[in-house]
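Take the sequences, apply the hints, and build the full model.
If you count the sequence shown from 1, position 15 lands on 25 in our numbering, and the numbers rise without skipping.
The reader is advised that the hints may include incorrect statements.
[Unchecked claim] Simulated DEER-style distance windows between Cβ atoms:
| id | residue 1 | residue 2 | range |
| --- | --- | --- | --- |
| 1 | 17 | 42 | 31 to 37 Å |
| 2 | 13 | 100 | 29 to 35 Å |
| 3 | 53 | 29 | 22 to 28 Å |
| 4 | 28 | 53 | 21 to 27 Å |
| 5 | 36 | 80 | 25 to 31 Å |
It should be emphasised that the hints constitute simulated quantities derived from the structure, not laboratory data.
Virtual Cβ for every residue (Gly too), placed ideally from N, Cα, C.
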Amino acid sequence: RMIETFFALLIGHALADFVLQSDAMAKGKNRHNRTTTPPGATCTLCWPYWLSSHALIHGGVVWAITSNVYLGAAETVVHWLIDFAKCENRINVHEDQFLHIACKVVWLARLR
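So, in structure tokens, the structure goes:
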């Protein structure tokens, strides 16, 4: 059962990080990118909303797969922090993905 859950978490991560993350979200979650919403209006303080929305999608996926709202909440917070670090160039994309997958291993251990 653990292998199936881990595989589901990996699929969920891939969907949330690559399919469900729009271009606007991918650019908007980085505070160093200048996004315009609506057209012509610069929104410099919108990045927390984009980043939080992205992290909430990940948390929702973990909650849906594990049926554990606490793991979903933990995923939301940790995903937010990891992606923020990536946007600040403190970690690279490979470290980002490694940390996200490592979190899935931790969530599995908490399910035991």
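Each hint, compared with the structure:
1. Range check, residue 17 to residue 42: about 35 Å between beta-carbon atoms, so the 31 to 37 Å window is met.
2. Between residue 13 and residue 100 the beta carbons are some 32 Å apart, a value that agrees with the proposed interval 29 to 35 Å.
3. Distance hint for residue 53 and residue 29: a CB-CB separation of about 25 Å, consistent with the stated range 22 to 28 Å.
4. Evaluation of the 21 to 27 Å hint for residue 28 and residue 53 yields a pass: the beta carbon distance comes to about 24 Å.
5. The hint said 25 to 31 Å for the Cβ distance between residue 36 and residue 80, and at roughly 28 Å that hint holds.
The structure is consistent with each of the numbered hints, conforming to all of them.
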